[in-house]
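Asks: All chains should be modelled from the sequences, with the hints used to inform the complete structure.
Going left to right, the sequence shown walks through residues 62 to 444 as this note's numbering numbers them.
For the record, the hints were derived by calculation from the structure and aren't laboratory data.
Among these hints, one or two may not hold up.
PhoX-like mimics (lysine-lysine), calculated; alpha carbons at most 25 Å apart, straight line [to be verified]:
hint, residue 1, residue 2
1, K337, K350
2, K143, K414
3, K130, K414
4, K125, K430
Now the in silico label distances, taken between C-beta atoms and shown as ranges [unchecked claim]:
hint, residue 1, residue 2, range
5, K210, S119, 31 to 37 Å
6, F373, F427, 35 to 41 Å
7, E217, N346, 38 to 44 Å
8, N346, P375, 46 to 52 Å
Built from N, CA and C at the ideal position, the CB exists for glycine as well.
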Amino acid sequence: MTSEIIIMNTDVIALAADSTITINDKKTYNGVNKIFMLSNDPPMGIMVFGLGKFENISIETLIKEYSKKTDFKKLKNIINIKNDFLRYLTEVTQATNINIFLDSHLKNFKQMINQQRNSCNELEFYQFIETFSNVEIFEFLKDIFETEKYNEKFKEIIKEYDESKINLNNLKKCFCSYIFNISTGILIAGFNKEDMFPSYVSFNIIANVNNTLLYQNMDTKLNYSGTLIIPFAQTDVIETYLSGIDANLEDEIKKYFVNIMENYICNMYDHINVEKLEKINEIKNQLTKNFKNNINSLKKDFYSPILESLDFLPREEIGNLAESLIQITSLKRKIDSNLESVGGNIDVALISKGDGFIWKKRNPYFDPKINPQFFDEKMNKNF
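Replies: Laid out in structure tokens, this is it:
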């Protein structure tokens with residue numbers, strides 16, 4: 062796992078990332094690069110999160126080789142760079158068959174579902190399924206998922222559970238969410254040749270199947286004249302800082318409020334006629350809705366001044382903010398988790414129209430003093 066962030070105002074983009082990688086949820090290593098320079102003309106950088114390999118090739122190797130071979134001046138803008146990078150990945154990685162890809166992941170998915178069921182009670186399990194099915198079925202899987210073969214495969218999984226609580230479509234969505242979580246996230250950010258304001262695109266690369274790159278778009282901002290702070294991967298600590306409340310605590314408060322209202326009404330059943338009870342239920346539902354809306358409004362009020370301040374912060378302070386938000390995530394994981402899945406040195410890069418791609422903080426895995434050839438040959442291109 063990892064923690065990464067992009068912060069943008071109209072003048073500069075800050076990228077920050079930790080350097081820890083987690084192996085099989087059991088062991089962590091530091092010193093992994095997750096931010097890379099792509100170009101200074103136009104100024105572009107790339108940040109990766111999630112799986113560190115794509116089709117058994119290190120994503121760092123793929124990015125650096127792509128950067129060497131690409132004339133970014135001709136590509137000019139971030140959309141062209143994204144499409145060209147996807148083309149490159151398709152060409153240099155080995156394709157797999159769609160059925161082999163799906164069968165392999167379905168086997169692992171079934172194990173994951175069973176492990177989850179064995180580790181919690183029934184209510185928690187079905188809540189997990191509901192939460193995990195909050196994505197749409199990938200476009201490239203819609204047709205194949207409707208075939209009899211894959212309908213039967215999903216039915217084999219679902220037959221062990223209550224079909225009134227897990228329908229076939231939700232299970233397919235869960236599978237897509239599972240695939241999404243074990244894919245490689247890519248963020249490309251910078252300034253298009255003809256634009257004055259920054260842009261970024263984020264997407265997940267999933268697999269090279271039948272010489273077609275499977276990927277899922279996440280977000281796009283082009284020539285963006287606002288401010289934003291977006292965390293990636295482990296986002297909970299940063300979101301707590303930005304919203305003023307921990308997401309789990311927020312959920313518990315909302316549940317507590319709903320339970321109070323329901324218990325109050327239950328105690329009135331024997332004392333109120335049906336017509337009044339229906340009216341009270343309507344009022345209860347409206348109060349619950351208002352309560353949740355008020356919490357969301359308070360979060361927005363807490364977050365808005367932070368966003369507004371970004372317009373006036375100098376570049377160095379934008380970089381410091383990005384680094385600090387990764388640091389507090391690292392500190393939280395160090396204190397509350399047996400596995401320090403966020404940690405190590407933090408890399409910070411600043412990208413601006415005038416200065417290009419600048420490293421504010423970079424931690425090499427080697428001693429620069431005894432490796433002068435790196436700087437002579439690479440001209441600091443990928444460092």
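Asks: A separate judgement is required for each hint: does it hold in the structure or not?
Replies: Here is what the structure says about each hint:
The hinted pair formed by K337 and K350 meets the criterion: a straight-line CA distance of about 20 Å does not exceed 25 Å. About 19 Å separates the Cα atoms of K143 and K414, which keeps this hinted pair within 25 Å; it holds. Between K130 and K414 the alpha-carbon distance is near 23 Å, which keeps this suggested pair within the 25 Å criterion. Of the supplied pair hints, the one linking K125 and K430 holds, its CA atoms being roughly 22 Å apart against a limit of 25 Å.
For the hinted restraint 31 to 37 Å between K210 and S119, the CB-CB distance of approximately 34 Å keeps it satisfied. Checked against the hint of 35 to 41 Å, the C-beta distance between F373 and F427 comes to roughly 39 Å, which is consistent with it. A beta carbon spacing of about 39 Å between E217 and N346 agrees with the range 38 to 44 Å that was offered as a hint. N346 and P375 have their C-beta atoms about 49 Å apart, which keeps the hinted 46 to 52 Å range intact.
The earlier numbered hints are all upheld by this structure, with none contradicted.
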